[in-house]
Amino acid sequence: MSATAFRQVTQDRSLYVPAGLFLVLLCAVAFRGQGLFTNNGLAGAILVATPLILTALAITPIVMAGRGAVDLSVGPLMGFVNVTLITWLVGNGITHPVAIIAWAVGLGAAFQLVQALVIIYVRVAPIIVTLSGFLVLSGVNLMVMSRPGGVAPDWMLSWGAGTSVFSPVLLLLLGAFAIWGVLRGTMFYRNLRMTGADERMAYTSGVQVDVVRIIAHMVGGVFAGLAALSYTALISSGDPTQGSTYTLQAVTALVLGGASLSGGRGGALGSTLGAINMFLISYLLSTFNFGTVSGFVTQMAFGLILVGSLLVNVFVISRRTVA
Amino acid sequence: MGSEITVRMIDVAKAFGETRALKKCDFEARAGEVHAIVGENGSGKSTMAKIMSGVLHPDAGKVTILGEKVASPVDAKRVGLTTIFQEVLVADEASVFENLYVGRDGVFRSQSTGDRRTEAAEILARLVGKSVDLDQLAGSLPLSIKQWIVIARAILRKPQVLILDESSAALDLDSTLRLHAEIDRLRAEGATILIVTHRIAELVRIADRATILRDGITVGTLGKDEITEENLLSMMTPADRRASDATEYASRKKALEAPLILTATGLAAHRSARLFDFDLPKGSIVGVAGLDGQGQDAFIRALAGIIQPFGGEVKVRSVDTDKMVPLRSLDDAANLGVSYVSGDRKREGIFPQQSIFENLAIGVYRKKLGPLGVIRKPTLKPMFKREVDRLRIKIGSPSNRITSLSGGNQQKVLIGRAFANDPQVILLNDPARGVDLGTKRDLYRELRLFAEKGGSVIYLSSEIEEFIGFADRVDVFFGGTLFRSLTGEEIAEAPILAAMFGKARDASVDFDLERTA
Amino acid sequence: MISTVLNTEIGAAGGSSALRKHKSISIGFCLLAGLLILGALLVPGFVSPQNARSILLLAAFLGLASVGQTLCALVGALDLSIPYIIGGANILLPSLMVAGLPAPVAMIVVLVLGTLVGACNGALSFRLQGQALIMSLGLGFAAVGAVQIYTSLGSQFGGTVFAPVPGWLRNLSAFNGKFFGLPFPPVIVIWAVIAVALGWIMHNTWFGRSLYAVGGSRTAAARLGISEFKVWTVIHSVSGAMSALTGMLLLGFSGGGFVGVGDPYLFTTVAAVVIGGTSLLGGAGGYGATVLGVLVLTVLTSLLVGLGLSFPAQQAVVGLLIVPMVAIYARSPHIRNQI
Ligand SMILES: Nc1ncnc2c1ncn2[C@@H]1O[C@H](COP(=O)(O)OP(=O)(O)OP(=O)(O)O)[C@@H](O)[C@H]1O
Ligand SMILES: [Mg+2]
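Chains D, R and C, in that order, give the protein sequences.
Counting along the first sequence from 1, when you hit position 266 you're at 266 in my numbering, and nothing is skipped either side.
Counting along the second sequence from 1, when you hit position 195 you're at 195 in my numbering, and nothing is skipped either side.
Counting along the third sequence from 1, when you hit position 95 you're at 95 in my numbering, and nothing is skipped either side.
Read the hints as simulated data drawn from the structure, not as lab findings.
Beta carbons are placed, not taken as given, at the ideal position from N, Cα and C, and that holds for glycine.
Warning: the hint list may mix true and false statements.
[To be verified] Derived coverage of chain R by chain D (criterion: at least 3 residues anywhere in the stretch with Cβ under 8 Å from a Cβ of chain D; other residues may be distant):
id : region
1  : 66-76
2  : 88-96
3  : 104-114
[To be verified] The following label-pair restraints were derived from C-beta to C-beta distances:
id : chain 1 : residue 1 : chain 2 : residue 2 : range
4  : R       : G469      : C       : S26       : 46 to 56 Å
5  : C       : F162      : R       : D331      : 18 to 28 Å
6  : D       : R184      : C       : L101      : 56 to 66 Å
7  : R       : H270      : D       : C27       : 36 to 46 Å
8  : C       : K23       : R       : D422      : 46 to 56 Å
9  : C       : H334      : R       : K377      : 58 to 68 Å
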C-alpha cells in the first residue's frame, strides 16, 4: 500500500506540497523530542488524529463531485451520530457492537443520501444545502444532548486507552482506506473525477452524474459514521458542541492536502496527508511552552502555518499551469 | 450501403419560456449520408441537435433515432448516437486521455476492450497531425486541440449517427480538411453524419443534402446539386430581412498609402522565430491568416496588449498628441483606442450572469466615468440601441441574460461591445466563428464603413474566403513569423493558401478547395 | 430604506435581469411580510416599538457584518475571518483604551488594523479562488491570536477585557440608545446609510460593475483591463473594516470585550447572503438582497424566540427553512438546460 502511495505522490504534483510539509513536520517533531515515536505516543496520535482524518475523508468524495460542494455538515453529522449513539442507543441499553456500528454507518449514509437527493432534485447549490444541514444538525445535537456527557459502551472504553498502536481505531481507519481503495479500483473513481471536473461534459458523454453524486455522498456518509465511532472512542462520551470545529478542520485538511474545492482535483491520500499535517502542527506547537499566552500563540502560529502552506500550494499550482 | 432512414423528426416543437426555439421541425436523414442543417443564428439548429441527443425533450412531436426513442445521453450512447456540441466540452482539470474516454464505462464497471492508450494516441495523431501527450492536463491546450479532443472522443465511439454542431468553427483550413477526410471515412462505413455549419464552402464540399431551418421551422431540403450560397441564403432568410447583398468591394490600394496608425517592429511569436515588422495604415482593413499555431494568434493578442511579445515594440498613434506611443498593456490599448474582439466568447468574452445590456455596455463604462468612478448612465441607452440596430442583434429584452441568446447573437453582442468604444483600431480574432452568413456580410459592411470613416481593422480569420473582396491587404503567418503580405490581385484563394503552407509565391497547392459561388 | 436600496438596484435597468430581480425581491418581501404577520398573530407583543427596535438593532449588527460576506460572495469567495476580526476588535478596543489611547484614536487604530488584515487576505488569496476561504480562516486565526497575545500581556484574561466604555460609544449601539433624541440607537442609521451607499455604488460606479464582471468571468474581466487583484484586495479590505466596525459597535452593545462575540457570525453572515439570493459562486446578487436576507433571518429568529424555542431549536428551524427559501427563487437550471 505504501508503495502505491509513494508512486501517487511522485506522479501527482498536487501532492508535492502536503508530502513535503509532512516530511518537514515529521523532522521538526523528531527534533523536539521522541515523545511521538514511542508505542504510546503513536497510539495516542492515531487515536487523536483518526476522527480528523476520517472527517476529511468524508468530505473528499463530496468535494470531488464538484459544483463547489464543500460539505459543511460533516462536523455536526459526526456529532449527531455521536450524541444519538450515546443517548438513544446506549441510553436505552443497546450496546451490541453490530448495532452500534450499523447505526453509525447507516445514519451517516442516510443523512448524506438525503442531502444528495435535495441537491439533485431541489437544485439548490450544494453549499447551501450543506449549510442548512450544518445548522439543523448543530441545533438538533444540542436538543438531543444539552451538554457533553454520557458514556460510551463498555467494549468501546478500551479503544480510547491509547496504549496500543494496533487498536480498533486503527481498524476503522484502515477500513475506510479499504473502502476507498476498492472504489478507486473501479470506474466509479474516474466517473467521479469527471463529474467534478466538468459536469456538463460528463452528463452529455453519458456518465450517470446523478447516480455518481448519490454514491459519492453515501460513501462520504459512511466515512462520517466511522469518524463518529472513532470520535466516540476518543472522548468515551457524547459531545454535541464540536461540530463547527471539525467542519472547519476537515475542510482545512482537504485544502492542505491539495484538493480543489471547485471539484475534479483531490483524493483520499491528499486529504489524509492534510489531516495528519494538521495534527502534527498542533502536536508540534504543543511541545512549546509560551506560559499564559500559550493557547493564543498556538492559535496564531496555526493560522500562519495555514497561510504559509496555502501560499506554497499556489506557487506550485501556478507553476503547473504555466508548464 | 443502406439508405434506410436513421434519424426522423416529425412535427417537433420546443420552447424555452417565451422563446419558441423550434416551431415545426420535420427532418429525415439516411444511413451513409452527410446531411447538413443550416440556418441563421438562433434559428434552432443547436436545439434540434440537443433534442436528437436526448439532452432536451421536445414539447411536441416525435423523434426516433435508429428506430428508438432517445431520452437522455445515456440512451444516446446505447443506441449509437454521438453528438459534438457547439460548446467545446472539455474538462480542464483532467488529462487528455481521461477526456477522450469519459462516459464510456458503467458507473462501476469498465467496458474496456483492447488497448485504449494506443488507440487514443493513434487517433489523435491522425486528427491533429502530430502526436499529443495523453497525460497532460487538457486545460493548458489551445482551443483547436480541445476541439480535436472532443471530435476524437466522438469518433472513438464508432457512432452510427454522428452530429457535429459547428465543430469546424475553431479549426483552421488544414484541420478542416482532415476532419472532412474523417467524415468521408465514416460515411463510407454507413454512418449518418449530421453537420451544422455556417461555412458555405464546407457545406458545398461535403454535404449530400442540406435541410434549412428558418425561425424554428424546417423550410426545405436541398439535394447535392442545389446547395449553393444563393439558394441557401434565400431559404434561410425571409425576403424582408435579406438586406445586404453580396456587394464585392475591391481591394483599395489607396487605403494602404495612408499614414500609419499602428506599427510593430522586431516582433516574434516565439524565441526561434524570425523577427518581423508590421504596419497598419489608417483607414485600412488588414486580414491575418495562417494555419493553427503559426504565431498569428499570439501576434494579434500582443497588439491588443493582452500578452507581451518576445521582444519588439508595438506603437500606436495617439489621438491627442498625434505621436506614436508605445502600447504595452491592456490599459495602454484602452487609452489609445484599440479594441479587441475574441472568438473564444465563452472563456474570454461574455459575462454569463449579466444582462445583454450590461454585456454590451461594460466595454464603454470606463469612457463614461464622472468623478469618483461614477458611470454616466444616460448616454448608454442610445449607444446600446445604435449597436443592436447596426449589427441586427436578435434580442428579446435588453435585460435578459446574455445566455438566453444563441451563440451567434452572443458573438454579435461582443462585437458591439468593441464598436461601442468608438475605437481607432479594432482587432478581431476570428470573430465570425459561429456567425451566420447574413450576419457576416453585415459585419463586413460595418467594418468597411468603419474603415471608410478612418477606423482601422485587423481581422484574423481561419476562413480564407472571408478576406476576398473585403481586406485591403492580407498578412499570412507561417513558422511564427509574418511570412508574406498580399495585396490587390493576390488576395485570392490560391496565393493565400500557398503562403499559408509556406510555399513559394507561384507554387500551386496539392489540393483544391472547390467553391461554387 | 430597503426599498431605496432595492430601487437603485432595479432602477439600473441594465443591472441584471430586472424581471428575475423583481421576482426574487418580491418573494423576499412576501416572505418578510408573511413572517411579520405570523409573528403578529402568534406572539403577543411582537408588533411593538420595543420589538421593532430590537429586531432592527440585531439586524444592523448582522447587516454590517454581512457587507464583506456579500462582496466576497459576488466574486465567488467566502470570508471566514469575519468572526475572528469581530472578536479581535471587540477586545482590542477596550484594551487600547485601558492603555491610555483616547477612544476615537483607538477606534481608528482598530479600524485600520481590521482593514489591513482584510487587505492581506485579499492580496494573498486572489490566486486561490475557491480555496480562499481557508486562507481567510488562517488569517483570522492569526489575527485573533495576535490580538489575544497583546491583550493578555500583563493580565490574566486573554479572552475577556473589561474597560469603561465611553457613554457615546455605548449610546451608538445600546438597546436604549438615542439618535438625536429619537428612541432608537444610531447604529441602525449607520447601517441604513451604508446599505444605501453600497447599493448605489454597486450599480453606478466602475468599481461596482467590475466586481460583478470578475465574479462572472475572470478572463473576460481581465480582457477589459479589470485588475482582479485590485478587486479582491478592495473587497476583502472592506470586509475587514466592516468586521472591525461591527466588533467595536458590539462593544457598545454589550459593555465588555469578549473574543467570542463574533462566533455566531461565521455562518449567519453566509446564511443572510444566501437567503437574500446572492449566489455563492459569484456574479449575481447584491447588497440589497442581503439586507432582505438579514431582515428575514432576524425576524424569523425573533419569531422563534417569541414562540419560546430554545437556541438550538431556533438554529435547527432556521437551517430547515434555508433550503425551501432559497429554492423559491434561486434554483439552478436543470443540467439539460445548461448545455
Ligand atoms: N436554454 C435556453 N434558454 C432560453 N432560450 C434558449 C435556450 N437555448 C436556446 N434558446 C433560444 O432558442 C433559440 C434557438 O437557439 P439555438 O441555440 O438552437 O440556435 P442556433 O440555430 O444553434 O444558433 P447559432 O447558429 O447561433 O448557434 C434562440 O433564440 C435562443 O436564444
Ligand atoms: Mg447553435
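The hints, checked one at a time:
1. 66-76: Held - the region 66-76 of chain R has 3 residues with a Cβ nearer than 8 Å to chain D, which meets the minimum of three.
2. 88-96: holds (count 6)
3. 104-114: holds (count 7)
4. R:G469 - C:S26: 46 to 56 Å: holds (54 Å)
5. C:F162 - R:D331: 18 to 28 Å: violated (53 Å)
6. D:R184 - C:L101: 56 to 66 Å: Holds: the Cβ-Cβ distance is about 59 Å, inside 56 to 66 Å.
7. R:H270 - D:C27: 36 to 46 Å: Holds, at about 43 Å.
8. C:K23 - R:D422: 46 to 56 Å: violated (36 Å)
9. C:H334 - R:K377: 58 to 68 Å: Cβ of C:H334 to Cβ of R:K377: about 35 Å, so the range 58 to 68 Å is violated.
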